[in-house]
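**Student:** All chains should be built: construct the whole structure from the sequences, respecting the hints.
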Amino acid sequence: MEIIRDQKIVQDSWRHIEDGDPVPESGDVTVSLIRFGAERSDLDARSGRDGVRVGPDEEIDTIIADLGKLPLIAVTFPKFTDGRGYSTARLLRGRHGYTGELRATGQIFRDQLFYLHRVGFDAFEMAPGKSLSDALEGFSDFSVTYQSSSR
Amino acid sequence: MYKYNANDQQIVEERAKQFRGQVERRLQGSVLEDEFKPLRLQNGLYMQLHAYMLRVAVPYGLLSSEQLRRLGHIARTYDRGYAHFTTRQNVQYNWPELADVPKILDELAAVQMHAIQTSGNCIRNTTADHLAGVARDEIEDPRPYCELIRQWSTFHPEFVFLPRKFKIAMTGAPAHDRAAIRFHDIGVRIVDNDRGQRGFEVWVGGGLGRTPHIAKVCRGFVEYEHLLSYIEAILRVYNRRGRRDNKYKARIKILVNELGIDAFRALVDAEWEEIKDSTLKLERSAIEQIVAQFAPPTYETLVDENLAKLILGKDRELASFVRNNLRPHKAPGYIAVIVSLKPVGRPPGDVSDTQLDAIADIADTYSNGRVVVTHGQNLVLPEVRQKDLAALHKALGEWDLATPNIGQLTDSICCPGLDFCNLANARSIPVAMEIAERFDRVDFLEDLGEISLKISGCINACGHHHVGNIGILGIDKLGVEAYQLLLGGSPGNDASIGEIIGRAFGASEIVNAVQTVLDVYLAQRSSADERFVGTYRRIGKTPFKDALYGDN
Ligand code: SF4
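Residue numbers (this note's numbering), protein chains in the order written: chain P, 3 to 153; chain B, 16 to 567.
Hints listed in this document are in silico derivations from the structure and should not be mistaken for laboratory results.
Here the structure is a predicted model, which is why all the values come from computation and not from measurement.
Quick reminder that beta carbons are idealized off the backbone N, C-alpha and C, glycines included.
Incorrect hints may have been included.
[Unchecked claim] A short list of chain P residues far from chain B (calculated; beta carbon distances all over 12 Å):
id, residue
1, E4
2, V12
3, S43
4, A47
5, L69
6, L118
[Claimed, not checked] Per label pair, the in silico range of CB-to-CB distance:
id, chain 1, residue 1, chain 2, residue 2, range
7, P, E61, B, E81, 45 to 53 Å
8, B, I302, P, E61, 32 to 40 Å
9, P, A40, B, D509, 52 to 60 Å
10, P, S150, B, E28, 16 to 24 Å
11, P, E139, B, N22, 20 to 28 Å
12, B, K18, P, R153, 24 to 32 Å
13, P, D59, B, K118, 36 to 44 Å
14, P, S150, B, N437, 27 to 35 Å
15, B, T92, P, E139, 25 to 33 Å
16, P, S150, B, Y263, 46 to 54 Å
17, B, N22, P, G99, 52 to 60 Å
18, B, T92, P, P80, 58 to 66 Å
[To be verified] Straight-line alpha carbon distances no greater than 27 Å define the calculated DSS-like cross-link-like pairs of lysine-lysine that follow:
id, chain 1, residue 1, chain 2, residue 2
19, B, K264, B, K324
20, P, K81, B, K262
21, P, K81, B, K180
22, B, K231, B, K262
23, P, K81, B, K264
**Tutor:** In C-alpha cells:
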C-alpha cells in the first residue's frame, strides 16, 4: 500500500493486525496498545518488527519505557474532528523524545497534514479514495508559523 | 494599533489562497461537504437558514478607518449593503456567495484582516474591554497581550480540533470588568499582587449556553512571561480530557465542573511545570515590542470641559447623548464616545455600507481614525476631544448614529434568531424591535436608568440572555414560538446568572410581560439611583412573579 513518509509517496509493508486476528510469524506489524502490553513475549519471539497503535483516548504511559526501541507508533484518527491525537504526538516527540516513525492513520485528509506534520507526525496513511499527490501539497499551505511545536 | 509585519501579512494571504483551493475542490466534488464543513467553519463560514454567513475577526474589537471602509465596500459589493456587529466584537455578513468568499478574504487581507478561527472547534478571537487603552479605571492596556494570544493561537497545530469552541477574554480594569471574563472559557484579568508585581489572574470554565457557569479562578497570579505557557497548559488538558461524546457537554466548563476546580487545577499545574520554561516563555523585549505598537497617540494638552453645561443646555438630544453615550477617558479634555447601533426600527448591531463609510470619516475627523466594536454590539470612538462633542453629535445624527440610549433598555443585545439561524426556536430580532418601539420615550428610558435586555432565539444563548438584567429566551412550545423570562443576570464583576421566573409567554404577551417587570421595578426601587439589578437582588423574584402570574 502507498503512504506518505517524509513528504514523499512510498510503498509500505506494515500490516495493522486487529485485536481478534492472529499475529503472523514474520513481517512488520502493528498491534493495539492493549495487545502490545499483554502479548509482549509472543511479539518478541517473531521475526518481523513490532509497532503499536494508539487510539485517541489512550494514555501513552505504558509505552514510555519502550520508546527508544519502538520503530513505529501509529496514532489512529477514527474521526478527523477528534484532535486528541495531536496532543499525543506533541507529548511523544516533545516530552518523551520519541524519534521513531510516528504515523497518522484513519480519517486523514489533505487539510490536516500541515498541522499533523508540525506536531510531529512524519508518516500518513490517507483516508480511502484520497489522492496522495494532491495531499502532498497540504504540507506547504503556510510558509511561516507563529508558535513553536515539534517543528 | 498593531501593524502586521511581513509574516503576519503572508499568513493571511496564504490563508486566502488555501481557502480558495478548498472552495475549488469542494465545488469540483473532490472534497465532500462533511469534510468541507470543518474547513469552512475554521474560516468563519456558516451555513445559515437561507445562505452562507461569513464571520470576520476583529481582534479585540479594534478597527482603523481604512478597515471600516473596506468592511463597507464588502457589504456593498458582496452582500446586501449591510454588515452586522456581534457580541464577540466581530462582524458578520449574512448573504455572501460561496464562490465570492475567497475574493472577500483577499479584500480583507489587503487591510490586515481575516476570518481565521472565527468559528469551528478551535481557539476563537480573543476579546477585550472595549475601552481598553483609554479607560480611567484601567491599570494596563490588555490588547498587547490579546495580540500575543492571537498570534500564539493562530493555526496552533495542536489545538485545531478541540472538543468544542474556545473563547478567551481579557480586561486590564480589574475593578470594572466590561469584557465578561467570568463567562468565557478562559478569562484573564490584569492584576497587581500583594508584592506590587503586575501579572495575570486566570479564570476558567465560564460560559453561557445550555448550562451557564460563572468561571472559577484557576490561578490567582501568573507572571508576565508565563502567560502563554499557562494558557497552553489549560488547552492541552482540555484537548486531551474534554468530553467528546456529547456536543452539549464538550465545553471546558463541563470538564472543570465534573473534575472540580482543584483537580482541574492540579492537572494544569502538572502540565505547566513541564512547559513553563520552554520556548513559550515570553521575553520582556518581545512583549515590549508589541506594547509599543499600542502606544497611545500624542494627546493635545487640553482641560476637561464642563459637560454639565451640555446636559443642561437647550439641545435636548445632545443632552441625552452626553448623559448616556460618553465614558471617561484617561487624558484630560478627551472622552470615549459610544455610537449606538440600536436606533428604533433596526435590528441591533446592523449597519449599512454608507454608515460604515460615514463612521470611518467621522473617526478620521474626531477619533484619530480608530473605532472599537463593543460586546454590546455598538461602536466606540475612543479618542474624542470633549470640545468637539457638539460637532461630533451633529455629524453622527446625519447618519442616524446618534441614538442616545447606551446602557438603557433599548440598547438591547439580540442574537439573529429565527430570521437567520437554523438552530433557532423563535424570532429574537422582532421582539427586540417591538420592545424598542414600545418603550421609546426619552423621559421614560432616562427614568428607568441603566438596565440590560438580552434576547436569544434558543438555548445556545448567543444573545447572552442569562446575563441580562432582563433576559428573554425563545423556546418552542408544541410548535409555537414562546418566550421565557429571566431576571437578575449580570456579566460584570458582580457576575450573576438570571433566574427563570415562571412559565413562558406567547409572542403576543412577551412585551407586556416586560412592561409588568418594569412597573414592579419602578414601584419598588428604593430611590431613583437604585438600578434594576439592585432592586431585584434586594426584593427577590416573588414580587415580579406575583405581578406576572397573579399571586394565587
Ligand atoms: S441563540 Fe440560538 S437562535 Fe440565537 S443565534 Fe444562537 S443558535 Fe441561533
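**Student:** Determine for every hint whether it applies to the structure shown.
**Tutor:** Evaluated hints:
no., hint, verdict
1, E4, "holds (18 Å)"
2, V12, "holds (23 Å)"
3, S43, "holds (31 Å)"
4, A47, "holds (35 Å)"
5, L69, "holds (16 Å)"
6, L118, "violated (8 Å)"
7, P/E61 x B/E81: 45 to 53 Å, "holds (51 Å)"
8, B/I302 x P/E61: 32 to 40 Å, "holds (36 Å)"
9, P/A40 x B/D509: 52 to 60 Å, "holds (56 Å)"
10, P/S150 x B/E28: 16 to 24 Å, "holds (23 Å)"
11, P/E139 x B/N22: 20 to 28 Å, "holds (21 Å)"
12, B/K18 x P/R153: 24 to 32 Å, "holds (29 Å)"
13, P/D59 x B/K118: 36 to 44 Å, "holds (42 Å)"
14, P/S150 x B/N437: 27 to 35 Å, "violated (39 Å)"
15, B/T92 x P/E139: 25 to 33 Å, "holds (30 Å)"
16, P/S150 x B/Y263: 46 to 54 Å, "violated (34 Å)"
17, B/N22 x P/G99: 52 to 60 Å, "violated (29 Å)"
18, B/T92 x P/P80: 58 to 66 Å, "violated (43 Å)"
19, B/K264 x B/K324, "violated (54 Å)"
20, P/K81 x B/K262, "holds (14 Å)"
21, P/K81 x B/K180, "holds (17 Å)"
22, B/K231 x B/K262, "holds (22 Å)"
23, P/K81 x B/K264, "holds (18 Å)"
The structure does not agree with the numbered hints 6, 14, 16, 17, 18 and 19 stated previously, though it agrees with the rest.
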